[in-house]
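Enquirer: Could you build the full structure based on these sequences and the hints that come with them?
Top to bottom, those sequences are chains A and B.
Residue 140 in my numbering sits at position 140 of the first sequence; the count goes up by one each step and never skips.
Residue 158 in my numbering sits at position 158 of the second sequence; the count goes up by one each step and never skips.
Simulated from the structure, these hints should not be mistaken for laboratory data.
Some hints here could point you the wrong way.
To give an idea of the interface, some chain A residues facing chain B are shown, with a C-beta separation under 7 Å as derived from the structure [claimed, not checked]:
(1) P126
(2) T127
(3) R130
(4) Y131
(5) G134
(6) N175
(7) G229
(8) D480
(9) I482
As a list, the in silico DSSO-like pairs of lysine-lysine whose alpha-carbon atoms are at most 30 Å apart [what the hints assert, rightly or not]:
(10) K690(A) <-> K644(A)
(11) K474(A) <-> K120(B)
(12) K169(A) <-> K218(B)
(13) K218(B) <-> K607(A)
(14) K607(A) <-> K46(B)
(15) K218(B) <-> K427(A)
(16) K140(B) <-> K474(A)
Residues of chain A clear of chain B, computed beta-carbon distances all greater than 10 Å [claimed, not checked]:
(17) R252
(18) L262
(19) A263
(20) A289
(21) I310
(22) I329
(23) E350
(24) D443
(25) R446
(26) E447
(27) G579
(28) G624
For every residue, glycine included, the Cβ atom is placed at its ideal position computed from N, Cα and C.
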Amino acid sequence: MTNRHDSATLNGKLDYLLGPVLSARRPAKPLADVLSRQERVRQDFILHWIEVIDRSNYELAYQFAAAAAGPAASWSCDDMVPWILAAMDAYDRDGLYAGIAVFRDLEAFRVARGARHTASLSERMPTLTRYVRGLSGRALAIAPGATATTDTDTLFLPARVGLFTEKDKNSNIFNALSSILIRQISESPALAEALQACERHADPEAAARRLARLETIRLSAAVGRDYPGLARALSAISPADSSTDNRFNLLRKPGATVSDSLALLDSLHDIDDLPEPPLPISFHPAVNAVRRARIERQRSELAAFLASLIPEHTEMTPRPDAVEHPFDITEHALPGAPDQRQFELHRDGEAVDLPAPVQELLQSIRQDLGHIPDDYLRADNSPVPTNGHSREVEEQRPDSDAAAADDASDPRYCYDEWDFRRGHYRKQWCELREMDIQPGSPDFVRETLSRHAGHIRQLRRTFEMLRDEDRTLKRQSDGDDIDYDALIEGYSDLRCGRELPERVLVRRHRAGRDLAALLMVDMSGSTKGWINDAEREALILLCEALEALGDRYAIFGFSGLTRKRCEVFRIKQFEEPYGSTVRDRIAGITPQDYTRMGAAIRHLTQKLAAVDARTRLLITLSDGKPDDYSDSYRGEYGIEDTRKALIEARHSGIQPFCITIDQEARDYLPHMYGKNCWTLVNEVTQLPVKMARIYRQLTTR
Amino acid sequence: MAKTSDLLPAHDGLRRIAQEPYYEPSGSEIDLFQAAYAARLPVLLKGPTGCGKSRFIEHMAWRLKRPLVTISCHDDLTASDLVGRYLITANDTVWVDGPLARAVRHGAICYLDEVVEARKDTTVVIHPLADDRRILPMEKRGETLSAAPEFLLALSYNPGYQNVLKELKPSTRQRFVAIEFGYPLPALEARIICGESGADENTAELLVRLAQMTRNLKGNGLDEGASTRLLVHAAQLMTRGMQPSQACRSAIAQALTDDADMLQTLDEFIATLF
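Expert: Shown next as structure tokens:
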């Protein structure tokens, strides 16, 4: 067994590791003294993790060392790992203080972890998100909160529930709380009025608190009627004794509304004396602000949809009757479920197809307002009046502003990132946006096409030959048609006294190229100049070839600057035809920032995995290692994260491949992509010619 | 689905539907179909799976008193499977009409179910039948078959698949009168469940609510929400004594997905209602 580190050695190591947060008043010595009495394995374990946590934050690392030397001294190394990871997750998510809190309050962590029957919100999150969507029909967010409440956009739920000794029952509490909150949202217009009434009470806060209790009783009863399976969970949430207390009977009747609760508020003064329910449901202070913002947003969304239904010429020449709204909406109730509706839209008496998102939008508006107001059904109706002038201003804005406006509208996605030092993912670490690319000059395309005209012709010919064709298999025992050659031979056999052969049919066999390829193109700053030109030319040539081949393909560019700004640029989607728009986008590929590859691979993997094809290829066109602005991603971390992302891609049935021009690629690409899944193009200028050839080799037997 | 005893063989080898198949109209589709039939315009039934397209065509065949030839399309279906082929007997080759040719000769309603599942080159053989020519060229016999006056072609197609391969060619779809089917409105859907399974109203309402929850998840992990057909299956299991939760799990949840996480969500929907 190896010897323990002595106090002096440890002191030196801690000084080196924690230097920036040590001082004369906070020396490493006491820590070193305690640690010197521990086993060598444990000493190494603690030093290793201090080093790992250091990369995130020195103070956090110090707090870990202090806790490991003190309160956690009795924990085994195995027990400590989940605790450390929880603290680092808390740090990643909520900052330094949250991380420190986990290290300091290790008893709370142990209780939470030890209690196996406790259901935690984070565990339930994926299922619960779908559950809430199924029940409400809209995309509500879910977040942990001190009490169960909702601002009508987000359901806040307790982080843990441990009311029962069985985990399933505790899990079910989340469903029950969500159902009540969804119900509360659907009644939010009335609730808003009731809350205003509370304001007039002597003690508005107490009044609101009491109202919340009464509402819990009323809504639990209503939810229980709609969803009989939730009964047990609901009774656990309801304030104690309320089920036997006759004074609340009124609230439990079908058809009871928030005004019944409000009426009881004044007559029942002793409601405060009831014991506090274990999981109180409260009203969110922002409920009105969030609701108002959403109502405005939905109103413009609906107006935009209705406007899209009106042919352009009507918009150009406003007639006097244009103010009359031609739209009419009918709702159909779901029996017994007052919060679900199906909508039918008629325009001038004719039914209009309502796409699912619009159904959902109407559903959401109805939940907010109780009905679809008539003035919502005017296409020209928009809460912020826009006229020709303001539109013009919009168009004249410089690019940078337009990009900032994009910021708000581009969809965002969050992805985990692999931290090889922790051996775990950093949760929801990277934020990725999918953006459009500014089209480039058509001249570039024209020049490329004319310069490579001969080569393109040759490429098209070669690729056309690879196209799948029906082959006719002769002399089959079953098939679609008679093989006359075989049959005639057979007859002569028969005449000669032999048996008629069985194989006298032909069958058509289809050797299908069932293949989808997604090209992800490095748009990092390092591709500036020659490389960028070569990339764009290569893409155009490859597209020409692929068009001849008929494979399905998509092209995306990727770049990024720090984990908060990973970017993926749409160049060609799978279903998009290859035409001048796509060509101009290829011409518009310009070097951007850095290459945080993991998030881009994870995002594009999802896209590719959604395509129905027997073979799915993810081809990266790259000029170097994964890299990012802060040095944390550079080097081993980036390589390991990228490797992990590619392993994830393989798990979802995708074959990654990398085409690179980095001469040092063999040092890291085999590790990231696998031994045979990359190739090096030595001469940048050769890239356009070689890329199509590589694709052909890759996809033919 | 019509029970087999309702289908009587007729003298021409085609089956006629003797008893009225249960069908609840949700709009003017019956009138529309009758008008299209009167004008001999081919019909395209659009709608998600299990919403009653096939039942509707059976009902219409019964109403119009025409035999019905149903062909379930799949990607190995060839033109010969539709038109016919030579078969070899001991000493001879014999021509045998395919189901489409049989329907054309005898003036039946020919229903190509889930037509997008068939390969595109196969669907092309129906083109001359689906315009005013109303003919079926039989290349192998060198014969052109003119359709009997009562003949009608109908296709069904589910536009909900998010798949580029499963779309109908414009040259095919632009020959048809399209009738759109959706899931029935809730009250009607509950009535259908009661009518098909004998379940009580309360159960039917809960099933409709369950279906609504799953349809809310379309595009969020489910390709399709629960169809009316699945609800009827679940109700039929329940009226035969199965526990509601078990019946829903087997007839609805397991039929919708194999994904473990999604199954858990569906299980929780079921537990919420039953």
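Enquirer: Find the nearest Cβ of chain B to the Cβ of R252(A) and say whether that gap is larger than 10 Å.
Expert: It holds; R252(A) is separated from chain B by about 19 Å at its closest Cβ, greater than 10 Å.
Enquirer: Say whether it holds or is violated: A289(A) keeps its Cβ farther than 10 Å from all Cβ of chain B.
Expert: holds (27 Å)
Enquirer: Is it correct that the beta-carbon of I310(A) has no partner in chain B closer than or equal to 10 Å?
Expert: At roughly 22 Å from the nearest Cβ of chain B, I310(A) sits farther out than 10 Å, so the non-interface label holds.
Enquirer: Is it true that the CA of K218(B) sits at most 30 Å from the CA of K427(A)?
Expert: holds (27 Å)
Enquirer: Go through the hint on I482(A) and say holds or violated, using the shortest Cβ distance to chain B against 7 Å.
Expert: Interface hint status for I482(A): holds (6 Å vs cutoff 7 Å).
Enquirer: Beyond 10 Å from chain B, beta-carbon-wise, is E447(A)?
Expert: At roughly 32 Å from the nearest Cβ of chain B, E447(A) sits farther out than 10 Å, so the non-interface label holds.
Enquirer: So is G579(A) really clear of chain B, every C-beta pair being over 10 Å apart?
Expert: holds (16 Å)
Enquirer: Holds or violated: K169(A) and K218(B), Cα atoms, limit 30 Å.
Expert: Within the cut-off at roughly 28 Å; holds.
Enquirer: With chain B as the partner, please determine if G134(A) meets the hint condition of a C-beta pair closer than 7 Å.
Expert: holds (4 Å)
Enquirer: Does the alpha-carbon distance linking K474(A) and K120(B) stay inside the 30 Å limit?
Expert: holds (23 Å)
Enquirer: If you take the shortest Cβ to Cβ gap from P126(A) to chain B, is it below 7 Å?
Expert: Because about 6 Å separates P126(A) from the closest Cβ in chain B, which is inside the 7 Å limit, the hint holds.
Enquirer: For K607(A) and K46(B), compute the direct alpha-carbon distance and say whether it is at most 30 Å.
Expert: Cα-Cα ~28 Å, so holds.
Checked against the numbered hints above, the structure violates none of them.
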